[in-house]
Amino acid sequence: MLSRTDRSPVATWWWTVDRWFLSAFLMLMGLGVVLSFAASPAVAERIGLDSYHFVTRQIMFMVPAVGVMIGVSFLDARQVRRLALIMLLAALVLMVLTLFVGVEAKGAKRWVHVFGMSIQPSEYMKPAFVVVCAWLFAEHGRAPEIPGNLFAAILLCLVVALLVAQPDLGQTILILGTWGAMFFIAGMPWIWIVLLAGAAMVLGVGAYFVFPHVAGRIDRFLTGEGDTYQVDMSLEALTRGGWLGQGPGEGSVKRILPDSHTDFVFAVAGEEFGLILCLLILLIFAFVVLRGLALARRDDQDDFTRYALSGLVILFGFQSMINMGVNVNLLPAKGMTLPFISYGGSSLIAMAISMGFVLALSRKRPERWRTVTLSTFPDGAASAR
Numbered sequence: 000m001l002s003r004t005d006r007s008p009v010a011t012w013w014w015t016v017d018r019w020f021l022s023a024f025l026m027l028m029g030l031g032v033v034l035s036f037a038a039s040p041a042v043a044e045r046i047g048l049d050s051y052h053f054v055t056r057q058i059m060f061m062v063p064a065v066g067v068m069i070g071v072s073f074l075d076a077r078q079v080r081r082l083a084l085i086m087l088l089a090a091l092v093l094m095v096l097t098l099f100v101g102v103e104a105k106g107a108k109r110w111v112h113v114f115g116m117s118i119q120p121s122e123y124m125k126p127a128f129v130v131v132c133a134w135l136f137a138e139h140g141r142a143p144e145i146p147g148n149l150f151a152a153i154l155l156c157l158v159v160a161l162l163v164a165q166p167d168l169g170q171t172i173l174i175l176g177t178w179g180a181m182f183f184i185a186g187m188p189w190i191w192i193v194l195l196a197g198a199a200m201v202l203g204v205g206a207y208f209v210f211p212h213v214a215g216r217i218d219r220f221l222t223g224e225g226d227t228y229q230v231d232m233s234l235e236a237l238t239r240g241g242w243l244g245q246g247p248g249e250g251s252v253k254r255i256l257p258d259s260h261t262d263f264v265f266a267v268a269g270e271e272f273g274l275i276l277c278l279l280i281l282l283i284f285a286f287v288v289l290r291g292l293a294l295a296r297r298d299d300q301d302d303f304t305r306y307a308l309s310g311l312v313i314l315f316g317f318q319s320m321i322n323m324g325v326n327v328n329l330l331p332a333k334g335m336t337l338p339f340i341s342y343g344g345s346s347l348i349a350m351a352i353s354m355g356f357v358l359a360l361s362r363k364r365p366e367r368w369r370t371v372t373l374s375t376f377p378d379g380a381a382s383a384r
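For reference, each letter of the sequence shown is one residue, going 0 to 384 in numbering that gives the first Met the number 0.
Keep in mind that the hints were calculated from the coordinates and are not lab data.
All figures in this text were calculated on a predicted structure; none of them were measured in a lab.
The C-beta atom is built at its ideal place from N, Cα and C for all residues, glycine as well.
Among the hints, erroneous ones may be present.
[As the list claims (entries may be wrong)] Quick list of the computed label-pair ranges, beta carbon to beta carbon: (1) T222 <-> R18: 47 to 55 Å; (2) V62 <-> I192: 41 to 49 Å; (3) A285 <-> P247: 23 to 31 Å; (4) L84 <-> P143: 18 to 26 Å.
Please work from the sequences and hints to get the whole structure.
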């Protein structure tokens with residue numbers, strides 16, 4: 000048992016880390032493993048692999064993901080900024096390389112092989128981008144002569160251009176929404192709100208006319224005509240599951256749902272474990288977002304921590320909202336993983352880094368923790384320490 004008087008790094012971490020956050024993230028990871036057992040065997044068998052191929056790989060990715068998340072949570076704010084800057088530069092370089100030597104799948108180049116591993120650089124770009132933009136916004140607020148907002152806007156344009164070039168319009172929407180929310184929190188002038196809203200509308204209309212697959216997805220969503228097989232099967236799975244589900248391993252729709260272990264794992268959860276589990280998953284995601292925003296408002300938070308913490312949980316919330324929205328046909332179909340639950344190595348490790356940043360930035364400050372600790376012990380114990 001770690002004592003409050005212990006000054007070792009591990010003890011200090013344990014008494015300052017937000018254990019509500021930590022519990023929520025570990026719970027989501029555990030659900031990811033459970034739902035991998037439910038959703039992936041049918042997919043593996045359909046493509047000629049061992050039944051537990053994806054389960055084994057999910058666990059293999061999960062173990063280092065937990066280690067990465069906890070390791071990153073030991074960092075202080077300055078180290079978080081440095082790591083994010085290095086990650087962002089590396090991810091941008093890899094995103095450029097992806098356009099030339101990337102692996103093409105379904106008409107898009109989003110993956111690149113590095114040291115024998117397949118990596119999706121945009122997944123690692125997202126948390127790094129949020130942290131770096133938070134730093135730029137904070138620097139502008141601290142010293143208005145520093146063009147932090149301008150640099151953040153230029154960085155946004157660069158990232159969006161690389162994502163559109165892949166193309167990956169889902170991630171583009173995610174980045175634009177998160178950046179806009181952060182800029183609003185940082186005190187966006189009303190003129191910027193009008194300009195950004197107009198730009199978003201222009202980009203949306205342009206994407207509809209430039210990219211046929213985008214137009215097809217939107218048309219299918221609005222009219223219900225065309226190839227809506229996956230969404231239809233997702234709704235069928237949720238309907239069959241009812242409130243309590245059909246039981247572990249008893250789902251039948253999952254066996255014919257092509258992306259049941261990735262984009263539509265939420266539907267599998269509904270079919271086998273019922274809407275009760277779906278609501279629990281939804282509540283955990285909502286808890287993380289609301290707690291993150293609440294902690295960002297603490298009086299002892301500096302601007303950088305406030306913006307970064309808000310941006311990271313908003314990114315987390317937007318991504319989960321898009322995935323679940325597609326599963327219940329509230330949003331047009333889009334390949335977006337459910338954080339910590341969907342199968343995918345890049346997504347899992349990148350999300351672990353992102354939530355490691357959240358744990359690091361939400362930790363109690365040393366001076367605040369010392370005050371709490373002193374008030375916990377009798378005067379004699381405090382002075383003896």
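Can you name, in rising order, the numbers of the hints this structure does not satisfy? none
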